[in-house]
Amino acid sequence: MRRSLKYLALLGYLVFLAFPLLWLLSTAFKTPREMANLHPRWIPHHPTLRNFSDAFAAQDLTGSAARSLIVAVSVAVLTVVIALPAAYALARRRSVLNRIAIGWVLVSQVFPVVLIVIPLFIILRRLELVNTLPGLILVHITFVLPFALWMLQGYVRGVPRELEEAAAVDGAGRVKTLVSVVAPLLAPGVVAALLFAFISSWNEFFFALVILKDPDKATLPLTLVKFTGAEQAARLGPLAAASLLATIPSLIFFAIIQRRLRAGLTAGAVKG
Amino acid sequence: MRRGLRSAFAVAAATVIGLTAGCSGGGNDSGKPVTLKFLSLAWQKDSLAANKRLVAEWNKANPKIQVQYVQGSWDNVNDQLVTSFEGGDPPDVIHDDSSALAGFAGQGYLTDLTKLIPTELKNDIPDAAWGTATFDGKGGQGIYGVPFLQESQVLLANKKMLDEAKVRIPTVDAPWTWDEFQQITKKLTVGKRYGIAWPLKSPVNKVLNLSLNFGGTFFQTSGGKTTVKVGPQEREVLQRIHDQLYKDKTADPSTLGMGTTDPLPGFYAGKYAMVPAGIYLRQQLVEQAPSGFQWVTIPPLKGQTTQQGAVSQTLSVAADSKHPEESMKFISWFLNGQHQADLAKGDWLIPTSKTAAQDPTLTSDKYGWNVATASAKSLVLAPYLKVNGFDEFKSKVATPALQSYFANKISLDELAKKLTDDGDKVLSRYAK
Numbered sequence: 475m476r477r478s479l480k481y482l483a484l485l486g487y488l489v490f491l492a493f494p495l496l497w498l499l500s501t502a503f504k505t506p507r508e509m510a511n512l513h514p515r516w517i518p519h520h521p522t523l524r525n526f527s528d529a530f531a532a533q534d535l536t537g538s539a540a541r542s543l544i545v546a547v548s549v550a551v552l553t554v555v556i557a558l559p560a561a562y563a564l565a566r567r568r569s570v571l572n573r574i575a576i577g578w579v580l581v582s583q584v585f586p587v588v589l590i591v592i593p594l595f596i597i598l599r600r601l602e603l604v605n606t607l608p609g610l611i612l613v614h615i616t617f618v619l620p621f622a623l624w625m626l627q628g629y630v631r632g633v634p635r636e637l638e639e640a641a642a643v644d645g646a647g648r649v650k651t652l653v654s655v656v657a658p659l660l661a662p663g664v665v666a667a668l669l670f671a672f673i674s675s676w677n678e679f680f681f682a683l684v685i686l687k688d689p690d691k692a693t694l695p696l697t698l699v700k701f702t703g704a705e706q707a708a709r710l711g712p713l714a715a716a717s718l719l720a721t722i723p724s725l726i727f728f729a730i731i732q733r734r735l736r737a738g739l740t741a742g743a744v745k746g
Numbered sequence: 043m044r045r046g047l048r049s050a051f052a053v054a055a056a057t058v059i060g061l062t063a064g065c066s067g068g069g070n071d072s073g074k075p076v077t078l079k080f081l082s083l084a085w086q087k088d089s090l091a092a093n094k095r096l097v098a099e100w101n102k103a104n105p106k107i108q109v110q111y112v113q114g115s116w117d118n119v120n121d122q123l124v125t126s127f128e129g130g131d132p133p134d135v136i137h138d139d140s141s142a143l144a145g146f147a148g149q150g151y152l153t154d155l156t157k158l159i160p161t162e163l164k165n166d167i168p169d170a171a172w173g174t175a176t177f178d179g180k181g182g183q184g185i186y187g188v189p190f191l192q193e194s195q196v197l198l199a200n201k202k203m204l205d206e207a208k209v210r211i212p213t214v215d216a217p218w219t220w221d222e223f224q225q226i227t228k229k230l231t232v233g234k235r236y237g238i239a240w241p242l243k244s245p246v247n248k249v250l251n252l253s254l255n256f257g258g259t260f261f262q263t264s265g266g267k268t269t270v271k272v273g274p275q276e277r278e279v280l281q282r283i284h285d286q287l288y289k290d291k292t293a294d295p296s297t298l299g300m301g302t303t304d305p306l307p308g309f310y311a312g313k314y315a316m317v318p319a320g321i322y323l324r325q326q327l328v329e330q331a332p333s334g335f336q337w338v339t340i341p342p343l344k345g346q347t348t349q350q351g352a353v354s355q356t357l358s359v360a361a362d363s364k365h366p367e368e369s370m371k372f373i374s375w376f377l378n379g380q381h382q383a384d385l386a387k388g389d390w391l392i393p394t395s396k397t398a399a400q401d402p403t404l405t406s407d408k409y410g411w412n413v414a415t416a417s418a419k420s421l422v423l424a425p426y427l428k429v430n431g432f433d434e435f436k437s438k439v440a441t442p443a444l445q446s447y448f449a450n451k452i453s454l455d456e457l458a459k460k461l462t463d464d465g466d467k468v469l470s471r472y473a474k
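As given, the protein sequences belong to chains U and E, one line each in that order.
Positions in the first sequence are counted from 1; adding 474 to them yields my numbering.
Positions in the second sequence are counted from 1; adding 42 to them yields my numbering.
If you are wondering where the hints come from, they were derived from the structure by calculation, not from laboratory data.
Hints are supplied without guarantee of correctness; some may be wrong.
Unchecked claim - DMTMM-like cross-link-like pairs, simulated, lysine to aspartate or glutamate; straight-line CA separation at most 20 Å:
no.: 1; chain 1: U; residue 1: 691; chain 2: U; residue 2: 602
no.: 2; chain 1: U; residue 1: 687; chain 2: E; residue 2: 128
no.: 3; chain 1: E; residue 1: 371; chain 2: E; residue 2: 128
no.: 4; chain 1: E; residue 1: 371; chain 2: E; residue 2: 99
no.: 5; chain 1: E; residue 1: 87; chain 2: U; residue 2: 602
no.: 6; chain 1: E; residue 1: 364; chain 2: U; residue 2: 705
no.: 7; chain 1: E; residue 1: 467; chain 2: E; residue 2: 455
no.: 8; chain 1: E; residue 1: 438; chain 2: U; residue 2: 534
no.: 9; chain 1: U; residue 1: 687; chain 2: E; residue 2: 362
no.: 10; chain 1: E; residue 1: 387; chain 2: U; residue 2: 534
no.: 11; chain 1: E; residue 1: 243; chain 2: U; residue 2: 528
no.: 12; chain 1: E; residue 1: 94; chain 2: U; residue 2: 705
no.: 13; chain 1: U; residue 1: 691; chain 2: E; residue 2: 131
no.: 14; chain 1: E; residue 1: 74; chain 2: U; residue 2: 636
no.: 15; chain 1: U; residue 1: 687; chain 2: E; residue 2: 466
no.: 16; chain 1: E; residue 1: 438; chain 2: E; residue 2: 128
no.: 17; chain 1: E; residue 1: 428; chain 2: E; residue 2: 407
no.: 18; chain 1: E; residue 1: 271; chain 2: E; residue 2: 121
no.: 19; chain 1: E; residue 1: 267; chain 2: E; residue 2: 455
no.: 20; chain 1: E; residue 1: 94; chain 2: U; residue 2: 688
no.: 21; chain 1: E; residue 1: 229; chain 2: E; residue 2: 205
no.: 22; chain 1: E; residue 1: 180; chain 2: E; residue 2: 362
no.: 23; chain 1: E; residue 1: 87; chain 2: U; residue 2: 639
no.: 24; chain 1: E; residue 1: 94; chain 2: U; residue 2: 534
no.: 25; chain 1: E; residue 1: 271; chain 2: E; residue 2: 466
Claimed, not checked - FRET-style restraints, in silico, Cβ to Cβ:
no.: 26; chain 1: U; residue 1: 537; chain 2: E; residue 2: 118; range: 42 to 48 Å
no.: 27; chain 1: U; residue 1: 551; chain 2: E; residue 2: 169; range: 55 to 61 Å
no.: 28; chain 1: U; residue 1: 580; chain 2: E; residue 2: 149; range: 31 to 37 Å
no.: 29; chain 1: U; residue 1: 491; chain 2: E; residue 2: 118; range: 25 to 31 Å
As the list claims (entries may be wrong) - One-sided and incomplete, this derived list gives chain E residues near chain U with beta-carbon spacing under 10 Å:
no.: 30; residue: 246
no.: 31; residue: 446
no.: 32; residue: 450
C-beta atoms are modelled at their ideal positions from N, C-alpha and C, and glycine is treated no differently.
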């Protein structure tokens with residue numbers, strides 16, 4: 475009885491999570507007339523692909539998806555490359571400086587984006603990075619890094635220090651210990667950080683809006699918003715079709731690496 | 043302390059960026075020919091096509107002044123612009139609406155176009171429309187944008203229901219008065235069907251624009267100080283809509299929380315006989331209405347007059363633009379009579395150009411174009427456009443107060459008190 479209640483709650487939660495995506499899927503195949511029906515239905519009465527052709531005809535979806543992919547993958551990889559050693563150092567070495575650094579990481583999360591965007595824009599302009607993808611990558615990394623660092627630090631703390639000591643006793647050097655013992659145990663943390671950085675960058679809108687000026691540099695969120703107009707009006711069909719396509723790379727990325735996203739690899743590692 | 047932290051963060055960010063600046067993409071300083079960036083907010087399919095076509099035509103005919111088309115979005119254009127104004131890298135030609143221009147002109151972000159506008163263009167657009175883009179800038183009063191598209195408030199009505207109720211279909215020359223309109227909504231309210239749906243999620247501009255029917259301006263200025271005024275003239279439209287909701291019960295209260303387009307499904311399904319709408323909404327009816335659904339555009343209502351407050355879409359030139367003359371040259375070509383007609387058709391709005399208003403499509407009775415185009419004569423400068431601090435008044439005071447009033451939570455007197463007391467406090471902070 476308790477078990478079935480649990481499953482019921484889980485099912486409810488799943489439906490809650492999946493509802494927007496399913497609605498998007500349904501809308502993407504509806505005609506304008508059907509979308510304006512007072513009694514909407516899940517399965518379109520006259521399914522159409524016109525929304526997709528309209529979306530592709532109106533905007534450069536393929537190009538902007540490719541640019542989004544370049545930015546998001548670069549951000550994910552670079553964030554982890556920078557955050558991993560930093561997280562290790564912060565977790566393993568205890569000093570006043572480290573504590574200040576961790577505090578600073580937290581404080582940096584407090585600032586509203588709107589406060590920072592103008593100074594940041596001016597800095598980027600001086601560096602001639604406005605209107606460039608490297609500029610956007612840099613900004614995304616700056617904003618994703620603190621949380622990724624915080625997250626990875628937790629994972630490093632979860633790896634028992636005794637494992638490293640045991641490796642040292644067995645004659646492994648510092649580098650060997652890190653590469654052969656610590657790194658594999660941190661894999662789930664790395665995957666989680668990669669996912670977090672990728673999705674944050676893939677969905678990010680505001681900085682891209684401010685930094686990228688040329689239409690041929692626009693990322694996917696910038697392109698999607700072009701289907702909306704004033705007073706909450708939107709070209710709902712093409713918007714739904716394009717948004718549906720925009721979720722696919724995230725789903726694929728997630729499907730590929732989620733198998734590695736398993737905690738508990740270290741469970742029992744220090745038992746005798 | 044906070045500023046200190048912010049600066050510290052900016053320095054930190056600069057350091058991080060400085061370390062990695064090696065991967066810079068670099069700028070383009072070739073300079074020849076002149077390239078203008080044109081930030082456009084067109085988004086409807088036909089309008090987007092018209093904009094892109096015109097830019098391509100211009101580029102072909104003007105190899106020395108090339109225009110780069112950049113599509114922005116109404117939703118966030120002002121955030122985007124403030125950043126690029128402050129950063130010193132704004133687009134040369136900027137599409138926006140006149141309510142945003144007042145603030146930008148005051149900050150010195152836009153070029154005063156008064157001396158740059160060619161006579162032909164100046165004469166083709168009526169003074170009332172120029173008024174919607176004339177503001178106090180840093181160097182005094184000037185024209186900070188070329189107004190080109192306007193919207194009037196009309197009613198869209200189910201033709202079959204009007205015919206069945208044997209209601210007079212009004213014309214621009216013989217419009218419905220508000221009294222007549224209220225009587226008609228009573229006739230059209232039958233069983234579960236309401237005569238009208240008022241979607242009032244964002245009530246402020248709608249109410250302020252319509253209140254001019256009775257001469258209600260909501261603001262008065264004396265000795266350089268602007269205050270809020272809610273007298274008998276301002277109360278008319280407020281009271282009449284409230285009556286339809288709660289006294290006559292001819293308006294569906296469940297639509298109060300809706301945005302402008304939300305009641306359309308109910309309108310198609312026959313739940314309401316009429317919906318108030320900006321004229322651009324006709325496009326959605328053409329696209330969405332079920333086959334056989336007949337609808338008609340009802341011209342602006344008459345109180346003492348049919349006057350409505352108008353806001354225009356405008357093209358401006360950034361103060362930081364290195365090519366203001368070339369930008370103006372492009373704007374005056376882009377907004378000539380024929381082109382304005384094309385842009386108006388694409389966006390289903392009214393052109394300001396007198397030449398454009400004579401275009402055969404814009405004067406035909408198909409899809410209510412004749413009514414829409416003729417309604418331009420009712421449009422006058424919306425008084426709130428000249429009020430410093432209107433945006434804050436609108437979001438912090440007027441929107442919540444009007445929502446409470448239309449939800450029948452406060453009386454008209456309480457509303458008037460809220461608007462004047464709280465409104466004056468806000469506006470006093472903006473007094474120069």
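Quick rundown of the hints versus the structure:
Using a Cα cut-off of 20 Å, the hinted pair residue 691 of chain U and residue 602 of chain U holds, with the two alpha carbons roughly 15 Å apart. Taking the CA atoms of residue 687 of chain U and residue 128 of chain E, the gap is near 15 Å; set against the 20 Å cutoff, the hint holds. For the given pair, residue 371 of chain E sits about 25 Å from residue 128 of chain E by alpha-carbon distance, which is inconsistent with the 20 Å threshold. Taken as a hint, the residue 371 of chain E and residue 99 of chain E pair is honoured in the structure, with Cα atoms around 14 Å apart against an allowance of 20 Å.
Simply put, residue 87 of chain E and residue 602 of chain U have alpha-carbon atoms about 34 Å apart, too far for the 20 Å limit, and the pair is violated. For the proposed pair residue 364 of chain E and residue 705 of chain U, the alpha carbon gap of about 33 Å is over 20 Å, so the pair is violated. For the given pair, residue 467 of chain E sits about 18 Å from residue 455 of chain E by alpha-carbon distance, which is consistent with the 20 Å threshold. Between residue 438 of chain E and residue 534 of chain U the alpha-carbon distance is near 39 Å, which puts this suggested pair outside the 20 Å criterion.
Distance restraint check for residue 687 of chain U and residue 362 of chain E: the Cα-Cα separation of roughly 16 Å lies within the 20 Å cut-off, and the hinted pair is therefore satisfied. Using a Cα cut-off of 20 Å, the hinted pair residue 387 of chain E and residue 534 of chain U is violated, with the two alpha carbons roughly 24 Å apart. Restraint check for residue 243 of chain E and residue 528 of chain U: not satisfied, since their Cα atoms lie roughly 30 Å apart, outside the 20 Å limit. With a C-alpha separation of about 23 Å, the suggested pairing of residue 94 of chain E with residue 705 of chain U is violated against the 20 Å cut-off.
Our distance criterion of 20 Å between C-alpha atoms is met by residue 691 of chain U and residue 131 of chain E, whose separation comes to about 16 Å. Between residue 74 of chain E and residue 636 of chain U the CA atoms are separated by roughly 67 Å; this puts the pair beyond 20 Å, and the hint is violated. Between residue 687 of chain U and residue 466 of chain E the alpha-carbon distance is near 40 Å, which puts this suggested pair outside the 20 Å criterion. Taking the CA atoms of residue 438 of chain E and residue 128 of chain E, the gap is near 26 Å; set against the 20 Å cutoff, the hint is violated.
The straight-line distance between the Cα atoms of residue 428 of chain E and residue 407 of chain E is roughly 35 Å, outside the 20 Å bound, and the hint therefore fails. As the CA atoms of residue 271 of chain E and residue 121 of chain E are separated by approximately 31 Å, the hinted pair breaks the 20 Å bound. A threshold of 20 Å between alpha carbons decides the hint, and for residue 267 of chain E with residue 455 of chain E the separation of about 24 Å lies outside it, so the pair is violated. Of the pairs offered as hints, the one joining residue 94 of chain E and residue 688 of chain U holds, with about 15 Å between alpha carbons and a cut-off of 20 Å not exceeded.
Distance hint between residue 229 of chain E and residue 205 of chain E is fulfilled; the C-alpha atoms sit about 11 Å from each other, no more than 20 Å. Taking the CA atoms of residue 180 of chain E and residue 362 of chain E, the gap is about 14 Å. The hint holds against a cut of 20 Å. With a C-alpha separation of about 66 Å, the suggested pairing of residue 87 of chain E with residue 639 of chain U is violated against the 20 Å cut-off. Between the alpha carbons of residue 94 of chain E and residue 534 of chain U the distance comes to roughly 14 Å, so the proposed pair stays at or under 20 Å and holds.
Restraint check for residue 271 of chain E and residue 466 of chain E: satisfied, since their Cα atoms lie roughly 9 Å apart, inside the 20 Å limit. Between residue 537 of chain U and residue 118 of chain E the beta carbon distance is about 21 Å. The supplied range of 42 to 48 Å is therefore violated. Distance hint check: the CB atoms of residue 551 of chain U and residue 169 of chain E are about 60 Å apart, consistent with the given range 55 to 61 Å. Separated by about 35 Å at the C-beta atoms, residue 580 of chain U and residue 149 of chain E satisfy the suggested range of 31 to 37 Å.
Between residue 491 of chain U and residue 118 of chain E the beta carbons are some 27 Å apart, a value that agrees with the proposed interval 25 to 31 Å. Given hint, residue 246 of chain E at the interface with chain U, is violated; its Cβ is 12 Å from that chain's nearest Cβ, farther than 10 Å. A distance limit of 10 Å between C-beta atoms decides the matter here; for residue 446 of chain E the minimum to chain U is near 21 Å, and the interface restraint is violated. Given the 10 Å rule on beta carbons, the hint for residue 450 of chain E is violated: about 24 Å separates it from the nearest Cβ of chain U.
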